[in-house]
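Visitor: Now for the letters of each chain:
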Amino acid sequence: MSAGTSDGRARVLADIRKSLGRSAAASVAIVPLSGNVPRPAFDGDLIERFAAKMLEKSATLARLATLGEAGAEAERYVTSVGAGRKLCVSKALVEIAWPLGLEIEHRAAVREDETSITPCFAAVAESGSIVTLSGPDTPSTLNFVPENHIVIVHASQVVRHLEDVWAQWRASGQAMPRSVNVISGPSRTADIEQTIQLGAHGPRRLHILLVAD
Amino acid sequence: MQASGSTFTKRASIAIHDTRLQSALGHASGGFVHKRALQVAALPEFEALRERAHSVKEHVLSNLDAYLERYEAQVTRQGGHVHWASTAQDAQRIILGICRDANARIITKGKSMVSEEIDLNAALEAAGHEVIETDLGEYIIQLAKEPPSHIVAPAVHKTREQVADLFDKHHRPLGYTKHLTEVSEMVDEARQVLRQHYFRADVGITGGNFLIAETGSSIIVTNEGNGDLTQTLARVHIVTSGIERVVPTLDDAVTFLRLLARSATGQETTSYVTLSTGPRRGDDLDGPQEYHVVLVDNGRSKMLGGPFREMLRCIRCGACMNHCPVYSAIGGHAYGWVYPGPMGSVLTPLITGLSTAYDLPNACTLNGRCQTVCPVKIPLPSLLRELRRQQFESGLTPAPIRFALKAWAVFARRPRLYHLKTRFGIALLSMFGRQRGALSWLPLAGGWTESRDLPAPQGRTFQQAWSARKGARP
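The listed protein sequences correspond, in order, to chains W and D.
Reading the first sequence from the start, the letters are residues 926 to 1138 in the working numbering.
Reading the second sequence from the start, the letters are residues 238 to 711 in the working numbering.
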């Protein structure tokens, strides 16, 4: 790193402190600021809210009784959208018995991949979002490179607010992953004449497999 | 980029007579305003969220040095590098250095207003790098060689026909020969053209909507997914962010996320919110090998200590410009620099100089809609008034206006004289306008009456009418 960088640091911090009228740093603990923290309230079943919100955000959703049905649903889905039978699947889903008709590969996504399947860390009822954490078994390219992104969500993973996801992550004792993706629907743009168009650069389709168990 | 040389009045006048621009603006502003209103109406907690966001920002600003140091320590702990840029030139120099050290040739970019502010593309291109904007709106204006005209929707001033023409010109050499008419075709073609670049890029540069001190994460809030492809597929990820963007905790970030998408595009959430923390881990299969954050001051620390401190709460949602009658009439380019609308009219003079952007604080009706919709309650009209005051103090206000203001002050300080003068004036105007009921010309106000008539007064002043009624309701 160049010497200029550390000079810049000293200068910016000195300028900030000058404006704040002090000469040295005041130490601040990273604790929640006191006072009312509003979180949107809503009634009704969390899982139904999650499902309805995902549909509102242009995702599609299939309800499965068990995880064992995921393979058949994935096969049906790729056929229905006209995608190839080669799927790039998160290694975290290696236990699933995939249909013999599907070619399953566990790796990061490449340009030619049409469809990926990933698990999620949690799902959020408030906004209709799934949250993924990157890791060796869950490379984040799976979430963005293929045209179709299939996500497996267990009903028990649905929480009320995004803050509940952070609480779960803190309680898990895991280190912060390189990438946390909060995904609420397929890729979209309205950059030309405010016309909403799905599939701008990321997945054109987001398909949720909501597993009851 | 540099603030444009020609005058605001001239640019505004051209914009008002540009029929294509007016058609594009017509598409835009109504949609944003309507969608935001629906979202706000559907969220009873919206006002409480604004209050909370206000308090969190004020708390951070009062302890900005400590939060930045804490943030830096967390980034470093995760294997990332934090660089501090006092000026736009420092920021350019730092980023050029990172690109040079990485032997970078191709640089992809997600949308970043700070990179516009520091004129990064020009510096990168001058150093021989190939720079590709990947946000669709930014890509369109890069092809058109124009600055953004809106901080959220950079190509909002372009019609689909103009986009089609740009694609004809720039995509034909790549083998795309069909002339496009539908928005869906244009989005698809841009997707195909840009896709190859993500995989070729050496460096990916994105902005940072929020920086989290608790975890050392930077957040981007997007719909297209281009930012994620940019930062995941390049060897080196550089985040450019203003020093005021730090928030204490993950939970605090959620408060701002709830406000941002609703205020910006009228969405409940964007398709993607991504937290990036450090480079690829040892056993990761993808992600950049290096992660850098360039914290840009460029006048912000100075604002912290003065009357414009509240401007540092800004989360760059664009609601103020969407609701501004002046912006809606002239679009973003007339403002002459990268930040348009009410927030730009405050920021541009503060960053580029009080005298270079003289007109901006004055091109405002002080109607206050911007303040009403601002998710972090920035008193934009008061800040614009303060800029006018400073312009007056430093002698920048033109002589005729200074004279008029001083003359008005003479009367305003002497109520009797003021009433006498208005009684006389009103009676005179009433007499001259009696026949038509309106006046088509006023002395010293030819500019005002050039495009409209002044309704003739009834003959009495408000004070006279009030005292005749003795305060009784009609």
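I should point out that these hints are in silico values taken from the structure, not numbers from a laboratory.
We put the CB at the ideal spot given by N, CA and C, even for glycine.
It is possible that some hints are incorrect.
Stated by the list, open to error - Only some residues are given here: those of chain W computed to face chain D with a beta carbon under 8 Å:
{"id": "1", "residue": "Ser948"}
{"id": "2", "residue": "Thr985"}
{"id": "3", "residue": "Leu1087"}
{"id": "4", "residue": "Asp1089"}
Unchecked claim - Simulated restraints, written as ranges between beta carbons of each label pair:
{"id": "5", "chain 1": "D", "residue 1": "His271", "chain 2": "W", "residue 2": "Asn961", "range": "44 to 54 Å"}
{"id": "6", "chain 1": "D", "residue 1": "Arg626", "chain 2": "W", "residue 2": "Gln1099", "range": "49 to 59 Å"}
{"id": "7", "chain 1": "D", "residue 1": "Thr686", "chain 2": "W", "residue 2": "Ser948", "range": "53 to 63 Å"}
{"id": "8", "chain 1": "D", "residue 1": "His254", "chain 2": "W", "residue 2": "Glu981", "range": "35 to 45 Å"}
{"id": "9", "chain 1": "D", "residue 1": "Asp425", "chain 2": "W", "residue 2": "Ala990", "range": "55 to 65 Å"}
{"id": "10", "chain 1": "W", "residue 1": "Ala939", "chain 2": "D", "residue 2": "Glu295", "range": "16 to 26 Å"}
{"id": "11", "chain 1": "D", "residue 1": "Gly683", "chain 2": "W", "residue 2": "Pro957", "range": "38 to 48 Å"}
{"id": "12", "chain 1": "D", "residue 1": "Phe629", "chain 2": "W", "residue 2": "Ala977", "range": "30 to 40 Å"}
{"id": "13", "chain 1": "D", "residue 1": "Glu295", "chain 2": "W", "residue 2": "Ser948", "range": "42 to 52 Å"}
Claimed, not checked - If you want a taste of the chain D side facing chain W, the calculated C-beta under 8 Å gives, among others:
{"id": "14", "residue": "His416"}
{"id": "15", "residue": "Gln429"}
{"id": "16", "residue": "Arg472"}
{"id": "17", "residue": "Pro485"}
Visitor: Does each hint fit the structure? Answer for all of them.
Guide: Results of checking the hints against the structure:
Of the supplied interface hints, the one on serine 948/W is violated, with its beta-carbon coming no nearer than about 11 Å to a beta-carbon of chain D, more than 8 Å. With 8 Å as the threshold, the beta carbon of threonine 985/W stays out of range of chain D, its nearest partner Cβ sitting at about 15 Å, so the hint is violated. Among the interface hints, the one on leucine 1087/W holds; its C-beta lies about 5 Å from the nearest C-beta in chain D, closer than the 8 Å criterion. The beta carbon of aspartate 1089/W comes no nearer than 10 Å to any beta carbon in chain D, farther than 8 Å, and the hint placing it at the interface is violated.
In this structure the supplied range 44 to 54 Å is violated for histidine 271/D paired with asparagine 961/W, their Cβ-Cβ distance being about 30 Å. Between arginine 626/D and glutamine 1099/W, the C-beta spacing of about 53 Å keeps the proposed range 49 to 59 Å intact. Look at threonine 686/D against serine 948/W: about 58 Å separates their beta carbons, and that is inside 53 to 63 Å. The beta-carbon spacing between histidine 254/D and glutamate 981/W, approximately 41 Å, falls within the hinted interval of 35 to 45 Å.
Take aspartate 425/D and alanine 990/W: their Cβ atoms lie about 37 Å apart, and the range 55 to 65 Å is violated. Under the hint 16 to 26 Å, the C-beta atoms of alanine 939/W and glutamate 295/D, about 22 Å apart, fit the expected range. The beta-carbon spacing between glycine 683/D and proline 957/W, approximately 60 Å, falls outside the hinted interval of 38 to 48 Å. For phenylalanine 629/D and alanine 977/W, the hinted distance range of 30 to 40 Å is not satisfied, since their beta carbons lie about 56 Å from each other.
For glutamate 295/D and serine 948/W, the hinted distance range of 42 to 52 Å is not satisfied, since their beta carbons lie about 22 Å from each other. With a least beta-carbon distance of about 15 Å to chain W, the hint placing histidine 416/D at the interface is violated under the 8 Å criterion. Taking 8 Å as the C-beta contact cut-off toward chain W, the hint placing glutamine 429/D at the interface is violated, the least distance being around 10 Å. The closest approach between the C-beta of arginine 472/D and any C-beta of chain W is roughly 14 Å, which is over the 8 Å cut-off, so the hint fails.
Restraint check, proline 485/D versus chain W: the minimum CB separation of about 6 Å is within 8 Å; hint holds.
Violated hints for the displayed structure, listed by number in ascending order: 1, 2, 4, 5, 9, 11, 12, 13, 14, 15 and 16.
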